[in-house]
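Trainee: Sequence:
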Amino acid sequence: MGKDYLLDRNGTFYFRMRVPALFRKQLGISEIRHVLKDSNLNIAAQKSKLLGKELSALFKKAMNGMVNMELLFPIIRQLCNNILCKDEFWRKRMSFPAAPSSEYCEEHRAIMSGCYEKHNTSQYLAGELVEYAKQLNLEADWDSPEMYPLIHNFFLGRSEAYRIQRERGKGNYRNGFDAPFPDGRVSEILPPAPYDPELVSMLEGQKSRFETFGAKPQEEPVNIEAAQDASAIPSPETESIISDDSQRAEVTIFSDAMKSYLREKKIFKKLDGKSELVLKSHLHLFQEIMGDVALSSISRGDILAIMENILPNYPKNRNKKYPGLTLAEALGVTDAEKISSKTQKSYFDDWKAFLNWCVTCRTIPFNPMEGLTMEGSELPKDQQKKRFSSEDLTLIFQKIAEMPTQKRFYRHLYTFRYWIPIFALYQGMRLNEICQLHLEDVFAIDGIPCLCVTVDEEKKQKTKNRQSRRVVPIHSVLLKLGFLQFYLDVVALPDRPNSQLFQKLTFTISGYQRKMGWFNDFINDFIPDDRKSFHSFRHSFDTCLMNREQNTFLIQCLAGYKRNGELGERYSVGETKSMKTTLEKLVYDNFNIFEALGKVPLADAVIAEQIAHLPVRQE
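Sequential numbering from 1 applies to the sequence shown in UniProt numbering.
Just so you know, the hints here were simulated from the structure itself, not pulled from any lab data. Heads up, the beta-carbon is just placed ideally off N, CA and C, and yes, glycines get one too. Any given hint could turn out to be false.
Unchecked claim - For lysine to aspartate or glutamate, the following EDC-like pairs were computed, each having C-alpha atoms within a straight-line distance of at most 16 Å:
hint: 1; residue 1: 577; residue 2: 619
hint: 2; residue 1: 352; residue 2: 375
hint: 3; residue 1: 316; residue 2: 292
hint: 4; residue 1: 274; residue 2: 457
hint: 5; residue 1: 460; residue 2: 440
hint: 6; residue 1: 37; residue 2: 8
hint: 7; residue 1: 480; residue 2: 609
hint: 8; residue 1: 338; residue 2: 308
hint: 9; residue 1: 265; residue 2: 276
hint: 10; residue 1: 562; residue 2: 542
hint: 11; residue 1: 259; residue 2: 350
hint: 12; residue 1: 259; residue 2: 288
hint: 13; residue 1: 464; residue 2: 272
hint: 14; residue 1: 49; residue 2: 38
hint: 15; residue 1: 599; residue 2: 575
hint: 16; residue 1: 599; residue 2: 402
hint: 17; residue 1: 385; residue 2: 530
hint: 18; residue 1: 480; residue 2: 584
hint: 19; residue 1: 265; residue 2: 370
hint: 20; residue 1: 345; residue 2: 391
hint: 21; residue 1: 352; residue 2: 370
hint: 22; residue 1: 464; residue 2: 276
hint: 23; residue 1: 459; residue 2: 272
hint: 24; residue 1: 269; residue 2: 530
Said to hold, decoys possible - Quick list of simulated restraints, FRET-style, between CB atoms:
hint: 25; residue 1: 585; residue 2: 337; range: 40 to 46 Å
hint: 26; residue 1: 611; residue 2: 321; range: 48 to 54 Å
hint: 27; residue 1: 38; residue 2: 514; range: 49 to 55 Å
hint: 28; residue 1: 287; residue 2: 585; range: 32 to 38 Å
hint: 29; residue 1: 413; residue 2: 271; range: 53 to 59 Å
hint: 30; residue 1: 287; residue 2: 611; range: 25 to 31 Å
hint: 31; residue 1: 204; residue 2: 514; range: 45 to 51 Å
Could you build the full structure based on these sequences and the hints that come with them?
Mentor: Next comes the structure, spelled out in structure tokens:
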């Protein structure tokens with residue numbers, strides 16, 4: 001906090017504080033600056049903090065009797081004026097639809113209706129006004145009944161500004177603000193007034209940035225001030241309050257808010273390693289587009305420009321395929337494969353959630369993305385991931401069985417390359433769920449061999465969601481292929497380095513699955529269909545079982561899907577015996593894994609002896 005008042009000039013530390021707008025004329029200065037006779041940064045920061053606290057208290061005390069309606073009413077006019085300025089600027093300068101969407105119109109009317117009905121809760125409903133006043137260093141008791149007339153007038157002004165926006169969307173500029181009504185009258189609530197030139201200058205800077213990223217301005221520049229009537233009525237009081245940008249308070253910049261947001265997510269364990277990387281990359285792109293700007297400067301027009309001109313043209317795997325290229329250069333690669341609409345929605349959702357958090361933290365008064373939604377269009381069925389056919393399965397496991405005979409055979413990798421596809425096909429488990437299994441996750445319940453899919457921070461085990469945590473019986477095919485003997489052999493290893501079921505798998509930020517990345521390349525040699533991948537095993541499992549079992553609840557328990565209703569989701573757990581009966585109905589037509597692998601099924605007596613050596617748990 002002390003560093004907010006600290007200025008470093010060539011190794012000399014100064015205390016610096018902006019003078020509130022109300023006192024600048026009396027004091028004749030816009031800021032207080034004082035040299036600190038300390039070369040130590042920490043000591044200088046502490047002194048700055050104390051000085052800032054004392055001066056802020058003095059100004060606040062002096063301000064208590066000075067903030068009145070005469071000072072506050074003009075900022076309503078200026079705030080509404082700024083809203084209309086931004087609207088007209090982006091409407092004319094960028095290739096946006098002239099009229100707001102019907103969805104936005106309905107939402108805005110609902111918000112304004114709610115605001116008017118509950119105007120006594122002013123800090124929630126008049127966030128724009130409160131934040132704008134704070135930027136001008138105008139503090140007031142916004143919950144005081146004395147403020148009700150002010151807030152009432154703000155709602156009238158905001159509604160009038162929205163009416164003008166709608167008229168502009170229809171092409172009508174004789175709306176009482178841009179030009180008089182046909183009968184010569186002007187708006188009584190928002191009569192014509194000039195725009196703040198510094199706001200126009202700031203918008204011009206944003207326009208230049210979006211042009212760099214591929215936005216298309218109109219061929220002829222538009223003078224937005226010329227659109228207003230020549231008889232515009234200036235507002236001297238308002239002009240004196242907001243014309244000087246130096247009167248605005250310090251605001252939170254993008255990078256600082258992003259760091260705090262990610263830190264909070266990490267503290268409350270709302271992200272795992274991979275999710276954190278994805279979120280960081282999404283927010284960094286947002287920052288790269290906008291620049292490290294004040295968050296309060298991000299407008300709805302900015303968002304529309306990004307969604308229309310940047311995300312649809314953003315290259316897939318940009319950092320891998322086009323390292324070193326700037327964003328503008330990457331967007332200019334015409335033959336680059338673009339990110340899908342689903343990925344665009346992922347960016348959109350992360351940005352919107354971040355800005356919602358900023359509103360919650362009162363970093364910004366409102367979210368410019370509020371009311372906007374984006375649907376990630378679902379791919380046509382012929383482009384979605386497909387299950388494996390019986391011919392595919394036969395080929396896959398024949399090729400796996402042939403691996404030891406190949407010249408380039410990696411014995412230390414073969415164990416998990418052999419077993420993990422079998423698990424996926426007969427247990428319906430996700431790849432990382434299989435790879436992260438530990439020896440403690442294999443046991444027997446009432447004589448039935450089972451697996452546990454769980455979360456354990458120490459072992460770095462995680463699941464996709466809460467419903468994915470489950471205990472499931474092991475399919476008899478795995479038992480007949482000798483899985484339990486494999487398990488017992490790993491347990492008995494004298495120099496075992498860890499407690500993992502698959503000893504050679506290592507943990508990365510994405511989980512334990514990295515070394516299984518070979519599989520998709522492996523099958524592409526003989527199954528040249530991009531719609532088929534490791535996840536196709538799970539599709540095969542689901543499809544086969546759904547066609548053989550009517551009890552959907554048991555299938556959801558086996559595969560780790562969300563159960564329907566609160567009873568199913570929170571309390572109901574499939575019984576081991578019932579799940580075992582359902583799982584054994586999984587039989588793939590025209591496919592025999594024993595023949596494909598060249599294996600002879602183990603006898604039941606051998607399997608029973610192996611089960612007797614398993615740890616036992618109660619259901």
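Trainee: With reference to the structure, classify each hint as holding or not holding.
Mentor: Hints, verified against the model:
no. : hint                   : verdict
1   : 577 to 619             : holds, 10 Å
2   : 352 to 375             : holds, 14 Å
3   : 316 to 292             : violated, 24 Å
4   : 274 to 457             : holds, 15 Å
5   : 460 to 440             : holds, 14 Å
6   : 37 to 8                : holds, 12 Å
7   : 480 to 609             : holds, 13 Å
8   : 338 to 308             : holds, 14 Å
9   : 265 to 276             : holds, 9 Å
10  : 562 to 542             : holds, 14 Å
11  : 259 to 350             : holds, 15 Å
12  : 259 to 288             : holds, 15 Å
13  : 464 to 272             : holds, 10 Å
14  : 49 to 38               : holds, 14 Å
15  : 599 to 575             : violated, 31 Å
16  : 599 to 402             : holds, 12 Å
17  : 385 to 530             : holds, 8 Å
18  : 480 to 584             : holds, 13 Å
19  : 265 to 370             : violated, 22 Å
20  : 345 to 391             : violated, 36 Å
21  : 352 to 370             : holds, 8 Å
22  : 464 to 276             : holds, 14 Å
23  : 459 to 272             : holds, 14 Å
24  : 269 to 530             : violated, 35 Å
25  : 585 to 337: 40 to 46 Å : holds, 42 Å
26  : 611 to 321: 48 to 54 Å : holds, 51 Å
27  : 38 to 514: 49 to 55 Å  : holds, 51 Å
28  : 287 to 585: 32 to 38 Å : violated, 52 Å
29  : 413 to 271: 53 to 59 Å : violated, 31 Å
30  : 287 to 611: 25 to 31 Å : violated, 56 Å
31  : 204 to 514: 45 to 51 Å : holds, 48 Å
Violated hints for the displayed structure, listed by number in ascending order: 3, 15, 19, 20, 24, 28, 29, 30.
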